[in-house]
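Asker: Note that the protein sequences, when read in sequence, are chains A and B. Note that the working numbering numbers the first sequence so that position 125 is 125, with each residue one more than the last. Note that the working numbering numbers the second sequence so that position 65 is 65, with each residue one more than the last.
If you are wondering where the hints come from, they were derived from the structure by calculation, not from laboratory data. For each residue, glycine too, the CB sits at the ideal point set by N, CA and C. Be aware that one or more of the hints could be misleading.
Here are the simulated distance ranges between beta carbons [stated by the list, open to error]:
#1 A/Val78 to B/Thr4: 19 to 25 Å
#2 A/Gln6 to B/Thr4: 24 to 30 Å
#3 B/Ser67 to A/Gly207: 18 to 24 Å
#4 A/Ser40 to B/Ala11: 25 to 31 Å
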Amino acid sequence: MQKRSQMLKRAFRTAFPYTIPIFAGFWFLGITYGIYMNVSGFSFWYPMLMSITIFAGSVEFVTVNMLLGAFNPLQAFVMTLMINARHLFYGISMLDRFRGVGWKKVYLIFGMCDESFSINYTADIPDNVDRGWFMFFVTLLNHLYWFSGAALGGIFGSLIHFNTEGLEFVMTAMFVVIFTEQWLKEKNHTSSLLGLGISLLCLAAFGADGFIIPAMLSILLLLTLMRRAPEKGGGVQ
Amino acid sequence: MTLTQQIITVAMVVLGTAATRFLPFLIFPADRPTPKYVQYLGKVLPAAVFGLLVIYSLKNVNIFTGSRGIPELISIVLVVLMHVWKRQMLLSIAGGTICYMLLVQFVF
Numbered sequence: 001m002q003k004r005s006q007m008l009k010r011a012f013r014t015a016f017p018y019t020i021p022i023f024a025g026f027w028f029l030g031i032t033y034g035i036y037m038n039v040s041g042f043s044f045w046y047p048m049l050m051s052i053t054i055f056a057g058s059v060e061f062v063t064v065n066m067l068l069g070a071f072n073p074l075q076a077f078v079m080t081l082m083i084n085a086r087h088l089f090y091g092i093s094m095l096d097r098f099r100g101v102g103w104k105k106v107y108l109i110f111g112m113c114d115e116s117f118s119i120n121y122t123a124d125i126p127d128n129v130d131r132g133w134f135m136f137f138v139t140l141l142n143h144l145y146w147f148s149g150a151a152l153g154g155i156f157g158s159l160i161h162f163n164t165e166g167l168e169f170v171m172t173a174m175f176v177v178i179f180t181e182q183w184l185k186e187k188n189h190t191s192s193l194l195g196l197g198i199s200l201l202c203l204a205a206f207g208a209d210g211f212i213i214p215a216m217l218s219i220l221l222l223l224t225l226m227r228r229a230p231e232k233g234g235g236v237q
Numbered sequence: 001m002t003l004t005q006q007i008i009t010v011a012m013v014v015l016g017t018a019a020t021r022f023l024p025f026l027i028f029p030a031d032r033p034t035p036k037y038v039q040y041l042g043k044v045l046p047a048a049v050f051g052l053l054v055i056y057s058l059k060n061v062n063i064f065t066g067s068r069g070i071p072e073l074i075s076i077v078l079v080v081l082m083h084v085w086k087r088q089m090l091l092s093i094a095g096g097t098i099c100y101m102l103l104v105q106f107v108f
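Throw the hints in and build the complete structure from the sequences for me.
Answerer: Take a look at the structure:
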């Protein structure tokens, strides 16, 4: 038992620092989301329960609009699939990493938001730290940050007055760091450049609300074509 | 919307989100070998996805009006430089965010 609690402590201590920027970002976004629900006329129970059960930032903001509009469950489902389609890529990337972590796997998949995925994919987990528990704590802490932020925003939303303008950039900064970290680790930058370039092109062509799906399809198509072409020269690895 | 309709709507969103997260694991279960093509995707996709996420987090920046994305550009350059220099995740993120907040609150 002693050993187990030490192992858990070590996994928690290793995971926590990685989640600090996410704490800042999620509290900012979560509180914003709670306030948004509050001013849209919903009781604080809504952001609290939705942040726990949905746990996907952008779609939760959209859900507020769905709840204010006419009842259309099928449309709600299809919209969600489209907004969150990028999670499919996360799953494919994590097939191996989530192997052999036991019951925690179900929660790891359920809580695989952009931030949890990015940390769990790129973090250098030391050999003496249990991988499964490390990823579990990263996911759980992120989930708690998002939930508490949304709850606080929903309860005290109208009372908060301090200049947080620009704090939302913490998420961009985190994704830039993760991108840079990946760049420094990899030998071949084709895939990184492709992701950046195609997304930018699709954003210019389809606009902020509709670029994700075309960007994903183009990335998938080009990576598939490249697999066939330079296979012997190492390909895009 | 009635409360029941609201619950159904939220449930559909929960279901849709969970579907996008669980689907790959259901299609390619752990006890069977994953097809080579999917293994390849698992290796090359993350780098491209991180690029997508960077753009995704900047999707509402308008380069034609307001501050024209200049504070974003300056702060991103700072984040990358700091990260290549010190390689301390928290430091790079905090530095870039503080830089951005100062720029949008006092300069632009």
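Asker: Any hints from earlier that this structure breaks? Give me their numbers in increasing order, please.
Answerer: 2 and 4
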